[in-house]
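Since chain A is already given, all that's left is putting chain X on it; use the hints.
What follows is the residue order along each chain.
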Amino acid sequence: MGNEASIVMQLVDVWKAYRVGDIVTWALRGVNLSILRGEFIAIMGPSGSGKTTLLNIIGLLDRPTKGKVYIDGVDVSVLPSDSLARIRNKKIGFVFQQFNLVARMSVYENIELPLIPAGIPPRLRREMVLKALKAAGGEEEWLAKKPTQLSGGQQQRVAIARALVNNPEIILADEPTGNLDRASARTVVETFTKLNAGGQTIVVVTHDPEVANCSNKIYLIRDGIIKDLRSPSKSECLLNKEIK
Amino acid sequence: MLRDVFRYAMKVLTEKKFRAVLTIIGISIGPLALVMMTSTVRGYANYVEGAILALGQNTVVILPSEKYKLTSSDLDYIRSLEEVSEAEPFYTTQGYVQTAEGRRNVFIYAVDSSILVKAIGNLELEEGDFPLDTEVTYCVIGHSIAYSTASNTRLYEVGDVITVNIVEVLGGGKLNLRKISLRIKGVLKEFGGAAFVSPDQTIFLPLRSGSSILNMKDMSGIFIVAKDPSLVDALTRKIRETYQDKVTVVAFQQIARTVASVTAALDFIVFSASLSAFAVAVAGTASTMITSVIERTREIGVLKALGFTDKQVVIMILAESIIMSLIGGAIGMAAGVIGAHILSSRGLTITAGSSGLIIVANPEITADLILTTVLITVAVGVVGGTLPAYRAAKIPPATALRYE
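Residue numbers (the working numbering), protein chains in the order written: chain A, 1 to 244; chain X, 245 to 648.
No lab work stands behind these hints: they were computed from the structure. Don't take every hint at face value.
With a straight-line Cα cutoff of 25 Å, these simulated BS3-like cross-link-like pairs (lysine-lysine) come out [unchecked claim]: (1) K461(X) with K311(X); (2) K146(A) with K260(X); (3) K638(X) with K68(A); (4) K90(A) with K555(X); (5) K145(A) with K261(X); (6) K146(A) with K255(X); (7) K311(X) with K418(X); (8) K638(X) with K66(A); (9) K90(A) with K638(X).
Chain A with its partners taken away, still in its complex shape:
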């Protein structure tokens, strides 16, 4: 069916073990997951359930111990690290809980970072940076500022702009609202829903049900296994809640 063609990423029987001395801990145990183009997926689960490990594997930041990861039908789990870096640069945008902006650099320079390994010439960058910042709900006057001169919510929007600047196929967000107050969290979620409405594929790892309920598909993970697939309850979405 048409879905076959629109699979952006597929995880097939993915296992991930961490070894500390003689002790082996399985963080993922046979995960199967398909991400379709244009989806907004939330992955929920308690602490230590394997959420971040799963996100790292989807984001090609880590390799599975067993199993395969396909992007656009190509098995990337066996590629060398430089090839993975190039795929991350082209196809994946990351948003982190701690924002992970470089404090010594201006907002412009932070958003510009992914364009450097992509080989985009400097004269073309400003337009791309500005477009990404606007799409992330940011304002042009932030560009010259240092990240520390912005509020948490504004910094996260800068981080989203950095994730967007290379027009990635997927945006992966790891607890993107974890460090934000409710009002800021709401603007971030609002940004994600708008982007998704424009066709952007988004995967959010969160423990916040009000954030997860804004997505179109919720996966529940526990002990390294995807236990359930739920439809979100839009009435429980943060965007439909009144902020006190």
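Quick look at chain X alone, frame taken from chain A:
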């Protein structure tokens, strides 16, 4: 990419200015030492070699030992040697002249003017002429004697009478001051430094004046001009074999060779000593870079997540250490050039018997020296930065992102 790498590296360095400055100072010591010491040593070496070779590549001088007196039969023997083109004796003593600027020490040589000009290359008259052998009371004076030290004005003109005071040691250790009045027939052009003789501070008399005016019976030595510079070694060997330790044979060509080999050794020692400063710089750079990389582990994780490859991370970290080494190198070389001029301007005192000669040689700062220093300094940055850069590149991105 290179422009971005440079900009990124500069941002990192300016963020931790104090640490970067300290590292740069550490790096600058090596180039400073190398440029300062090497250029000074090479400057003096060239000066000394030049001064020796100025005396002529085929000039040989023999000086009698205290127990031996050179006679006309020695002179005849020397002249009979097949390698010898000319040989003439000379008489020398020291004295002083009293000028308006005070007492000035001078060397006095009674020597045949034709062999003098052959033995000492570049010896030219500024004015006047060399006296004939019969003009025993006439002399030619060195440039420094003729001119004032303060201003470039003449103290003595051609035709003037110069009175030279000579201290003689009489029997029983008694000292006698003898005044000799000489008429100046010529003034020499400025000669500069030379080994064995210092023409600028010397009064030259005709050979015959030696015994008549200076009252010297014994020859001070014999100037020999070999037929060809290639015959100098054979000639000196022959004279040494004949006279053993009765005379000292001075061949300027051989001295120049010895000086060249000594200065080459000195050059090597200076280079090796400077390398130890560079080795310390490598350790300092590596330590700074390791600290910097550890502090930025999470940031490096972010860069890798955003798509920077291992190679690009290595280049970014290496750029920081190379920029520091280039700045340190530039500062060190500039300080080295200044230091070398200060060091050289102090002069080097060469003591020969009772007389001392201060020579001032310009440091020899060559393109070759600067290039070598730049290359070694860049190597400091590359070697000091490689391990930290490699370490940074090899951190798995997921691990780096978890780093607190």
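For each hint, the structure was consulted:
The straight-line distance between the Cα atoms of K461(X) and K311(X) is roughly 15 Å, inside the 25 Å bound, and the hint therefore holds. Of the pairs offered as hints, the one joining K146(A) and K260(X) holds, with about 17 Å between alpha carbons and a cut-off of 25 Å not exceeded. Under the criterion of a C-alpha separation no larger than 25 Å, the hint pairing K638(X) with K68(A) is consistent with the structure, at around 23 Å. Straight-line distance between C-alpha atoms of K90(A) and K555(X) comes to about 17 Å, which keeps the hinted pair within the 25 Å bound.
The straight-line distance between the Cα atoms of K145(A) and K261(X) is roughly 21 Å, inside the 25 Å bound, and the hint therefore holds. For the hint pairing K146(A) with K255(X), the CA-to-CA distance comes to about 13 Å; that is within 25 Å, so the pair holds. Annotation: proposed proximity of K311(X) to K418(X) holds, straight-line Cα distance about 21 Å (limit 25 Å). Only pairs whose Cα atoms come within 25 Å are accepted, and K638(X) paired with K66(A) is accepted, the gap being roughly 22 Å.
Restraint check for K90(A) and K638(X): the C-alpha separation of about 21 Å stays at or below 25 Å, so the hint holds.
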